[in-house]
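**Student:** Please work from the sequences and hints to get the whole structure.
Top line first, the protein sequences correspond to chains D and E.
Under the numbering used here, the first residue of the first sequence carries the number 1, and numbering increases by one thereafter.
Under the numbering used here, the first residue of the second sequence carries the number 388, and numbering increases by one thereafter.
Simulated from the structure, these hints should not be mistaken for laboratory data.
Positions of the beta carbon are idealized from the N, C-alpha and C atoms, including for glycine.
Just so you know, not all the hints are guaranteed correct.
[Said to hold, decoys possible] Straight-line distance between alpha carbons at most 30 Å, and here's what the computed DSSO-like set of lysine-lysine pairs gives:
id : chain 1 : residue 1 : chain 2 : residue 2
1  : E       : Lys-532   : E       : Lys-542
2  : E       : Lys-418   : E       : Lys-585
3  : E       : Lys-577   : D       : Lys-101
4  : E       : Lys-414   : E       : Lys-577
5  : E       : Lys-585   : E       : Lys-389
6  : E       : Lys-583   : E       : Lys-414
7  : E       : Lys-542   : E       : Lys-389
8  : E       : Lys-577   : D       : Lys-108
9  : D       : Lys-108   : E       : Lys-389
10 : E       : Lys-418   : E       : Lys-577
11 : E       : Lys-583   : E       : Lys-389
12 : E       : Lys-583   : E       : Lys-418
13 : D       : Lys-101   : E       : Lys-583
14 : E       : Lys-577   : E       : Lys-389
15 : D       : Lys-290   : E       : Lys-585
[Unchecked claim] To be clear about the criterion: a stretch of chain E counts as covered by chain D if any three or more of its residues have a C-beta under 8 Å from a C-beta of chain D, and this derived list gives those stretches:
id : stretch
16 : 459-469
17 : 505-514
[To be verified] In silico contact screen, one side only, chain D against chain E (beta carbon under 8 Å); selected entries:
id : residue
18 : Leu-11
19 : Ile-12
20 : Leu-19
21 : Gly-62
22 : Gly-65
Here is what each chain is made of, one letter per residue.
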Amino acid sequence: MDFAPNPDHELIIEAVEALCARFDDSYWSEHDQRHEFPWDFYREMAAGGWVGIAIPEQYGGGGAGIAEAALVLNRVAASGAAMNGSSALHLTVFGLNPVVKFANDRLKETFLPRAAVGDLHVAFGVTEPDAGTDTSRITTRATDDGMGGWIVNGRKIWTTKALESEVCLLLARTDGIPGEGFDGLSLFLVDLDPEHCEVVPIPKLGRNAVASCEVAYDDLPVESWRLIGERGRGFHHILHGLNPERILLAAMACGIGEAALRRATAYANEREVFGRLIGSNQAVSHPLAKAHMDLHAAMNMMREAAWRYDNGLDCGEHANTAKYLAAEASFSAADHALQTLGGLGYATEYHVERYWREARLQRIAPVSQEMTLNYIAQNVMGLPRSY
Amino acid sequence: MKVVVCVKQIPDPADPGALDPETNTLKRDTKLILDESDSYGVEMALQLVDAAGDGEVHLVSMAANNEVGGLRTALAMGASSATIVSDDALGGSDALGTSKVLAAAIARQEPDLVLAGTESSDGYTGVVPEQVAELMGLPSVTFAKSISIEGGEAKIQRQTEAGYDDVECPLPVVVSVTAGVVEPRYPSFKGIMAAKSKPVDELDLDALGIDAAQVGWAGAGQEIVAVDEAPAREAGEVIEDDGDAHERIVAFLDDLKIL
Ligand SMILES: Cc1cc2nc3c(=O)[nH]c(=O)nc-3n(C[C@H](O)[C@H](O)[C@H](O)COP(=O)(O)OP(=O)(O)OC[C@H]3O[C@@H](n4cnc5c(N)ncnc54)[C@H](O)[C@@H]3O)c2cc1C
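**Tutor:** Laid out in structure tokens, this is it:
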């Protein structure tokens, strides 16, 4: 792995930062408050080829690796767009990975070229009311319609971007019994057909420009070619994309922390209390310095994980570690930034409260910190399975 | 149609570095970026070539150490190729020295049109495009706010204090482009990747046939004797409103003969 400055990466950073600079903190704050998807921003990013950056070139995408995709989302988040900006993009940036790796040619040719130009919005439907951390409990069912196709019934929750998305990567049960292992789950790319899908946004703490929804599937017909990979192997197909997703999430989290520290440092350098700058108190500057170091360390961990993934090396430990450290560092940076701004930290106008609400998310989703520790303890260190 | 755009690569204004105390010139040993005031010329050139349906945009820049940081950005925006002129003897060049180098490098391209910014953001001499035109024996039009090419002629709207002049001029011509008149495109990801394989010609004074004594410190007709801080602005007059503030503001503006 090479730490020398990479001219490609420098140009990517410069271009993405220039584009993001047109969408300032007030743009994001307004969209957050109005619960409005950031369409203008999304379209600009799509036009620049940033949304399709990791789709293979043969389908019109940028053909770049996860390292470059992570850099893009990191700069988006760091611009102040935080999760509202980065998660508006990230499902199209990398969500279709199982389609690239496992789908039939018809699926690839139908959908990847549209994703490459950012014209296809994708949602990801795994979590259910009774199947979160424990995916084996999925009960949403795809039943054989006797003519080669499927009929889907069930209920998913937290499906992000279900309102905007035309299609959803859906993990549904075709075989087996809930709670008894992962075989029997199959992965589909289904249409979110309003005739058969009821989508209701879930009121939530933050990242409100991008809704996450409850989706009820009622006799949704799915044609046979919409099955991704093998019947019953859906969970294994999804696993393949989980490490890159963690890497992207880590990059996004680090970006939010950076935005929070930028505001905190500026404020600590100008706010006078008791006749001195608050930043000259070590009780203010040290936590910010520590947050800076933690973010840097998490960012380097993220880069290592991305480099390993792009070079075809095993990266489970690295991706999970990056996501864990980034989630902690990001929230801690946002929390100390909020403290630094005092009462104004709590005021919407100063944006730090928005970063704080959005940084909190990574400690729960897409995988909780507890489950990440379980993974490292059991799979990396060989400790007994604890659950 | 072949359009050559002069682009200056400058230290990042967000992190401008320091003046060299011996020469009173800006140290340029940090990474250089595309001068924003040249991005308008690049954008205009790309639009003109688009409108013409064929042709190419070539960039010409002079900088130390074959620096291409800023050229890469303009290539990523869509320019086809570039020339970078570097030579140890070029350090200390004044505006005329720079113009000699640029004119020689541009002439090799046999362009139909040469665009430049009106002035650079780090030097502000504002004379290079006109000097280049003179050295190349070409007509010069300044402060363009729009350019179109019709029937082998350039039709230029030239910004003035009152409005604009309509100027028609045979090609080739050197035109300086006013900042802010077009919106420079952002480099796209594919643009950035494609820029890597675009040709950048590296030239030195020998290649251009320029005598080192004519340029750099040796040829400079000017010397920067001192650099001083701009005097702090004096506090303005504060008018407090006792009900007649508007009348006092009108009187104040009247005194200045603004009204
Ligand atoms: C804003 C947002 C967006 C989301 N977007 C999507 C999406 O697009 N698609 C999608 O499918 N899902 C999405 N999710 C769902 C997310 O992936 C889940 O919330 C997450 O996986 C946790 O599942 P759960 O909420 O059911 O928690 P549970 O599984 O109920 O767990 C509750 C708590 O118990 C802890 N816990 C459980 N078991 C153990 C154990 N053995 N050891 C230690 N701790 C344990 C967990 O860590 C957690 O803290 C989203 C969630 C949010 C909040």
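**Student:** Are the hints correct? Go through all of them and say.
**Tutor:** Each hint, compared with the structure:
no., hint, verdict
1, E:Lys-532 with E:Lys-542, "11 Å, holds"
2, E:Lys-418 with E:Lys-585, "20 Å, holds"
3, E:Lys-577 with D:Lys-101, "23 Å, holds"
4, E:Lys-414 with E:Lys-577, "33 Å, violated"
5, E:Lys-585 with E:Lys-389, "16 Å, holds"
6, E:Lys-583 with E:Lys-414, "27 Å, holds"
7, E:Lys-542 with E:Lys-389, "16 Å, holds"
8, E:Lys-577 with D:Lys-108, "21 Å, holds"
9, D:Lys-108 with E:Lys-389, "41 Å, violated"
10, E:Lys-418 with E:Lys-577, "23 Å, holds"
11, E:Lys-583 with E:Lys-389, "21 Å, holds"
12, E:Lys-583 with E:Lys-418, "18 Å, holds"
13, D:Lys-101 with E:Lys-583, "28 Å, holds"
14, E:Lys-577 with E:Lys-389, "23 Å, holds"
15, D:Lys-290 with E:Lys-585, "43 Å, violated"
16, 459-469, "holds (count 3)"
17, 505-514, "violated (count 0)"
18, Leu-11, "5 Å, holds"
19, Ile-12, "6 Å, holds"
20, Leu-19, "5 Å, holds"
21, Gly-62, "5 Å, holds"
22, Gly-65, "12 Å, violated"
Consistency with the previously given hints fails for numbers 4, 9, 15, 17, 22, ordered from lowest to highest.
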